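Novice: These are the residues of each chain, in order.
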Amino acid sequence: DAEITQSPRHKITETGRQVTLACHQTWNHNNMFWYRQDLGHGLRLIHYSYGVQDTNKGEVSDGYSVSRSNTEDLPLTLESAASSQTSVYFCASSGGLASSTQYFGPGTRLTVL
Amino acid sequence: AQTVTQSQPEMSVQEAETVTLSCTYDTSENNYYLFWYKQPPSRQMILVIRQEAYKQQNATENRFSVNFQKAAKSFSLKISDSQLGDTAMYFCAFMPVTNAGKSTFGDGTTLTVKP
Chain A
1 DAEITQSPRH KITETGRQVT LACHQTWNHN NMFWYRQDLG HGLRLIHYSY
51 GVQDTNKGEV SDGYSVSRSN TEDLPLTLES AASSQTSVYF CASSGGLASS
101 TQYFGPGTRL TVL
Chain B
114 AQTVTQSQPE MSVQEAETVT LSCTYDTSEN NYYLFWYKQP PSRQMILVIR
164 QEAYKQQNAT ENRFSVNFQK AAKSFSLKIS DSQLGDTAMY FCAFMPVTNA
214 GKSTFGDGTT LTVKP
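Residue numbers (the numbering used here), protein chains in the order written: chain A, 1 to 113; chain B, 114 to 228.
Honestly, the hints are just simulated from the structure, not real lab data.
Please note: incorrect hints may appear among the correct ones.
Computed footprint of chain A on chain B, listed as stretches where at least three residues anywhere in the stretch have a Cβ under 8 Å from a Cβ of chain A [what the hints assert, rightly or not]:
1. 206-216
2. 219-228
Here are the simulated DSS-like cross-link-like pairs (lysine-lysine), alpha carbons at most 30 Å apart as the crow flies [unchecked claim]:
3. B:186 with B:215
4. B:168 with B:215
5. A:57 with B:227
6. B:183 with B:215
7. B:215 with B:191
8. B:186 with A:57
9. B:227 with B:191
10. B:215 with B:227
11. A:11 with B:215
12. B:215 with A:57
13. B:168 with B:191
14. A:11 with A:57
Every value quoted in this text rests on a predicted model; they were computed, and no experiment measured them.
Glycine residues also receive a C-beta, built at the ideal position from the N, C-alpha and C atoms.
Using the sequences plus the hints, can you model the full thing?
Specialist: This is how it looks when you write it as structure tokens:
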């Protein structure tokens, strides 16, 4: 079955370190998204991509970057981790129109000490 | 900018009863989608139901239905015959058809189904 996976599921890092969170989907979807979810709140969009070599900034993109070299993967990089980036990160993908139903990965809990 | 408001941070319902979760939104877009997602303690985001704004008919998925009032910018979720497995946080989400980058989620409603 097609799926979307994220790794690692849990990560603890220190302030100032570079961190990369992986997202891999086997749906063959063109559209991929990264969100963060802070405790007690909904999801906020960090970056998104409509296809290979395409990336766009979302609402809360400062301090994050993505690259899309193939259809299946959209890694999220925190260039210099900050305590304010402690959160749960969700990757999602959608086919067809970018605004069609998004399918979410299981999330990565990141703690920055 | 779009906003999505879920005015009920927490709700509870007895098993087998019906409960309605509220969601209002604000946008200048005319074409958009609205979603309800369920997030159980496992943290997985699960699509419950989706509504296209151009459709007047309210979406229904088994025990889940919506009351979509476009003019009032209201999109409530009704859960009938509540089950213990419905216990979760529920998020309302808005997405313009032409710009997924403007997707907006509400802060969620925590629903507890009591036996």
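Novice: The structure should be examined with respect to each hint, and the outcome stated for every one.
Specialist: Outcome of the hint check:
no.	hint	result
1	206-216	holds (count 9)
2	219-228	holds (count 3)
3	B:186 with B:215	17 Å, holds
4	B:168 with B:215	21 Å, holds
5	A:57 with B:227	42 Å, violated
6	B:183 with B:215	19 Å, holds
7	B:215 with B:191	26 Å, holds
8	B:186 with A:57	27 Å, holds
9	B:227 with B:191	17 Å, holds
10	B:215 with B:227	36 Å, violated
11	A:11 with B:215	28 Å, holds
12	B:215 with A:57	10 Å, holds
13	B:168 with B:191	18 Å, holds
14	A:11 with A:57	24 Å, holds
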